[in-house]
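Novice: Which chain is which? The protein sequence lines are S and W, in order.
The working numbering puts the first sequence at residues 1 to 595.
The working numbering puts the second sequence at residues 596 to 911.
Note that these hints are calculated values from the structure, not bench results.
A couple of the hints might just be wrong.
[Stated by the list, open to error] Partner residues are not named here, just some residues of chain S that face chain W (Cβ under 7 Å, in silico):
#1 243
#2 248
#3 282
#4 289
#5 290
#6 531
#7 532
#8 569
#9 571
[What the hints assert, rightly or not] Some chain S residues flagged as far from chain W (calculated, every beta-carbon gap over 10 Å):
#10 283
#11 294
#12 447
#13 580
Think of the CB as a built atom: it goes at the ideal place given N, C-alpha and C, for glycine as much as any other residue.
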Amino acid sequence: MKTQVRKKYISKIGIGIALALGASIVQVGSVQAAPTPTRGGTLSVAITDYMVGFCPNDTNSNSALMPVKQIGETLFEQRADGLVVPFLAESASSNADFTSWRIKTRTGIKFSNGEKWDADALMINMKAARGQLSGGGSAASDSATSKVNPAASLFHGAKYGGLAPVAWANAKAVTKVDDVTVQFDLKRPNAGFKELLYGSGRTFMRAPAMFLPENNPGTKLADINYLCSKQMIGTGPFKMAIDGMSADKGTVTVTKNETYWRKDAASAKLPYLDKIVFTTTKDAGTRVNGLKAKTTDMAWFTGNSESQAILRAQKIKSVKVNLSSADFYPQLWFVENKAPFSTLSCRQAVSAGLDRATFAAKRTGGLLKPLTSIMGDGSPGYSSKNFITYDATKAKAYLAECIKALGTTELAFSAPFDTAPEAQKNGQEMAAQLAKIGIKMTVLAVETSSIITNVFASSATTGYQAVWFQVLEGPGMQFNSLFMASTSNGYYDLSADLYGSLNTLNISRHTDKDFDTLWFAARAQKPGKAQNDAYKLAIERWQSQSHSTSILGVAFAVATTDKIAGACGLKLLSGGTARCVSNGGISLAGVSKSK
Amino acid sequence: MKKLINILTRLSRVALILMGATFLVSILVRQLPGDVALLINPVASAAERDAIRHELGLDRNYFSAYLMWLSQILRGDFGIFIFGGKVFPVIKSAIPATLQLIFYTQILALVIAIPLGVLSAFKQGTRFDKLTSTSLFSLASFPNFGIGLILAVVVGANLGIVPPSGYIRITEDLSQHFKLMLLPVLTLAVGPIATYTRLLRAEVIATLREDYVLLAKSKGISDKRILFRHVLRPSSTTLMTSAALSMGNLIGGALIIEIIFVIPGLGTQLAKAIGTREFFAIQSYVAIIAVFFLIFNSVVDSLINAVDPRTRNRRA
Numbered sequence: 001m002k003t004q005v006r007k008k009y010i011s012k013i014g015i016g017i018a019l020a021l022g023a024s025i026v027q028v029g030s031v032q033a034a035p036t037p038t039r040g041g042t043l044s045v046a047i048t049d050y051m052v053g054f055c056p057n058d059t060n061s062n063s064a065l066m067p068v069k070q071i072g073e074t075l076f077e078q079r080a081d082g083l084v085v086p087f088l089a090e091s092a093s094s095n096a097d098f099t100s101w102r103i104k105t106r107t108g109i110k111f112s113n114g115e116k117w118d119a120d121a122l123m124i125n126m127k128a129a130r131g132q133l134s135g136g137g138s139a140a141s142d143s144a145t146s147k148v149n150p151a152a153s154l155f156h157g158a159k160y161g162g163l164a165p166v167a168w169a170n171a172k173a174v175t176k177v178d179d180v181t182v183q184f185d186l187k188r189p190n191a192g193f194k195e196l197l198y199g200s201g202r203t204f205m206r207a208p209a210m211f212l213p214e215n216n217p218g219t220k221l222a223d224i225n226y227l228c229s230k231q232m233i234g235t236g237p238f239k240m241a242i243d244g245m246s247a248d249k250g251t252v253t254v255t256k257n258e259t260y261w262r263k264d265a266a267s268a269k270l271p272y273l274d275k276i277v278f279t280t281t282k283d284a285g286t287r288v289n290g291l292k293a294k295t296t297d298m299a300w301f302t303g304n305s306e307s308q309a310i311l312r313a314q315k316i317k318s319v320k321v322n323l324s325s326a327d328f329y330p331q332l333w334f335v336e337n338k339a340p341f342s343t344l345s346c347r348q349a350v351s352a353g354l355d356r357a358t359f360a361a362k363r364t365g366g367l368l369k370p371l372t373s374i375m376g377d378g379s380p381g382y383s384s385k386n387f388i389t390y391d392a393t394k395a396k397a398y399l400a401e402c403i404k405a406l407g408t409t410e411l412a413f414s415a416p417f418d419t420a421p422e423a424q425k426n427g428q429e430m431a432a433q434l435a436k437i438g439i440k441m442t443v444l445a446v447e448t449s450s451i452i453t454n455v456f457a458s459s460a461t462t463g464y465q466a467v468w469f470q471v472l473e474g475p476g477m478q479f480n481s482l483f484m485a486s487t488s489n490g491y492y493d494l495s496a497d498l499y500g501s502l503n504t505l506n507i508s509r510h511t512d513k514d515f516d517t518l519w520f521a522a523r524a525q526k527p528g529k530a531q532n533d534a535y536k537l538a539i540e541r542w543q544s545q546s547h548s549t550s551i552l553g554v555a556f557a558v559a560t561t562d563k564i565a566g567a568c569g570l571k572l573l574s575g576g577t578a579r580c581v582s583n584g585g586i587s588l589a590g591v592s593k594s595k
Numbered sequence: 596m597k598k599l600i601n602i603l604t605r606l607s608r609v610a611l612i613l614m615g616a617t618f619l620v621s622i623l624v625r626q627l628p629g630d631v632a633l634l635i636n637p638v639a640s641a642a643e644r645d646a647i648r649h650e651l652g653l654d655r656n657y658f659s660a661y662l663m664w665l666s667q668i669l670r671g672d673f674g675i676f677i678f679g680g681k682v683f684p685v686i687k688s689a690i691p692a693t694l695q696l697i698f699y700t701q702i703l704a705l706v707i708a709i710p711l712g713v714l715s716a717f718k719q720g721t722r723f724d725k726l727t728s729t730s731l732f733s734l735a736s737f738p739n740f741g742i743g744l745i746l747a748v749v750v751g752a753n754l755g756i757v758p759p760s761g762y763i764r765i766t767e768d769l770s771q772h773f774k775l776m777l778l779p780v781l782t783l784a785v786g787p788i789a790t791y792t793r794l795l796r797a798e799v800i801a802t803l804r805e806d807y808v809l810l811a812k813s814k815g816i817s818d819k820r821i822l823f824r825h826v827l828r829p830s831s832t833t834l835m836t837s838a839a840l841s842m843g844n845l846i847g848g849a850l851i852i853e854i855i856f857v858i859p860g861l862g863t864q865l866a867k868a869i870g871t872r873e874f875f876a877i878q879s880y881v882a883i884i885a886v887f888f889l890i891f892n893s894v895v896d897s898l899i900n901a902v903d904p905r906t907r908n909r910r911a
């Protein structure tokens, strides 16, 4: 009897274990099987800035890069681990002293208009970027030159202050080797040339049709109406029609590129979405409201001025906030070719007068941390040596020295901040802190796109005395190099390269030859500890001269509602995944939206 | 003949005011700091800068430059953006959104204010009258951007009753269009509702004391008929004038409200143009706003004439 009961129990336990095992297998199976992404649908994305355009010289602000990033792609991509790997390029190789690089283009890729991505396409992109599609830099000379699209050159088209040609000033020659290979010969060695080609995600490869003369309806300033300022044609997962950007450049609509070259993990076609609508929404609170009400699917935020909105979005259960590393470093750049910041002690007074810890607490609610160098500790050039931290007593001493040198009664200056309310509050906080030291700072309200133009105006004409501007970033140094180097030591052969006065990327307009020497010596070295040490020396020199000062390491954020999946998981052909959130937001190739 | 002269006189007055306003703006815009030629081409030589200034008419004196701009406007050319593109397509796309916002606001404000004003006057001194006055003036004392932000957060984001921001054309999706316009219209309407109610209340109280109203009452005509047929019409002159004048204020208010609710109207464009120092665009936007302001006022003048024969006689 007892045996029968035991057997009964054992069999019951056995059934129980079997059921539990079965259930667990089913459960494991369901966990392992990736949910099939929903195909179709329209994604509504709110960004901060207005578009400028799509020409190589159109310097879109960070959030305005996000629409461009969905249409155009870059030769290289930055991985989540910071490594720059081939993307539209298949490979990159250099000679021993890094003065010659060969880039092979990936095969089997077409632009959304059907044109082939190959060495010819790369060549025309490089010509445009180097200003060589221009007739010479003036409206009159461009107008007189046939078969040239001035919009593709530096100073004409939708925007007149361009970065691209200066970035390529170190290129002595760019030549086509074969159908898939282009060779770059450099004047000075550059071990990190791939990173320069990545260009902080800004060196998009455009379809040759964007530069053709038949798309150039005229060159009169009064009739600026070029194709490349209105429509982007790239190899990316989405494409846009010529009327895809609204007249006020506040809305960009893109649709699925049916011939996109990348596939998902199951080798199925990408992208999943049918359409994306990007809308400029200046107010961060409005973006959060849209996410909460689910009328906006995705929204961009910059930690620099919109930390409170990020913190608010993080508290909403149905919203996921993808935050980048805080490795973007806005600076207060002191413009040194005019008073008051031509005087070192004036720069030092402001640097010592900024209470970074209080700023971080008040303006970011602790989301971002104060810096102890012009760059964060994730940067290869990080060094806190010579960085002037907050010290009211020292600031007042520097101020006294500054006023004496200036021969005035006060240190007064103005600096532009974006018109967005939170950006203005950042400026007001800095002004309030400096006022305690006795420094008068006037906060100007200017649209970022306009600030960019003025910042990169010629050295003689930039109207600002100081500017709060974010271009420095980690974990590499190539992009930073463009904005920190002075041209005063003749490093760029300007008369031969371009139009004669292009030191426009040198935001602080410094003439610090010692810094340049240290900087370029570092850039020529093979990546590694020795190179990092060399960069540190250059940064220490920069900090000793207070060419700029920083406050916070900034993160960017892209927040999504719970309807959105696949924001950051798409694998790269070169292995790994791309950095999830960069200054250009998120790639939407692998994003889907549930119904 | 007299009518024609009247119309011509009015039109010429409108044209003169318009020219005065735009001329003043053209002078003010030219005072903004920054050399447009250098903004267009930062590395231009002195000769090239002169050429740019000449092409844009910046080398002319105030009168000559203004006449050049005026002749362009009359030919339908609203100028260019310094940073690329023509101004007219932006104006064309922005006007409908702003006009819709203003018209919907005006309609909502009048629909609420007229019955409230008349009833408050009729029930003068009662709890209803006091409650209406206090509530409306408490609301009107809030800045409208504050009301907008509260409505967007509470009604839009937290309660999810209507979308907190955005704009869609009426032709694209009628129901979504009105859902999106509800909060900005409510926000803008709060101020006018309070003002109109108060004005109408005062006028109605005065009219109720007129002899003909007492006569109507003695004849046994119902209160409703007296109020809405015999009192409202003569009492609405001030309300209509105020409504016309408030169109200008509404355009100003729309500037902030459009930004909060992401409506791509003239206000948003004007704010953007100021931020980017788009001199020609600012001038053209202001001209458009001035034109609308004058049109609204002229229309209301004519309406007042039609509604209240006494004003017609006075002007005649």
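Novice: For every hint, state whether the structure bears it out.
Specialist: Now the hints, each set against the structure:
{"no.": "1", "hint": "243", "verdict": "violated (10 Å)"}
{"no.": "2", "hint": "248", "verdict": "holds (5 Å)"}
{"no.": "3", "hint": "282", "verdict": "holds (6 Å)"}
{"no.": "4", "hint": "289", "verdict": "holds (4 Å)"}
{"no.": "5", "hint": "290", "verdict": "holds (6 Å)"}
{"no.": "6", "hint": "531", "verdict": "violated (34 Å)"}
{"no.": "7", "hint": "532", "verdict": "violated (35 Å)"}
{"no.": "8", "hint": "569", "verdict": "violated (29 Å)"}
{"no.": "9", "hint": "571", "verdict": "violated (35 Å)"}
{"no.": "10", "hint": "283", "verdict": "violated (6 Å)"}
{"no.": "11", "hint": "294", "verdict": "violated (8 Å)"}
{"no.": "12", "hint": "447", "verdict": "violated (3 Å)"}
{"no.": "13", "hint": "580", "verdict": "holds (26 Å)"}
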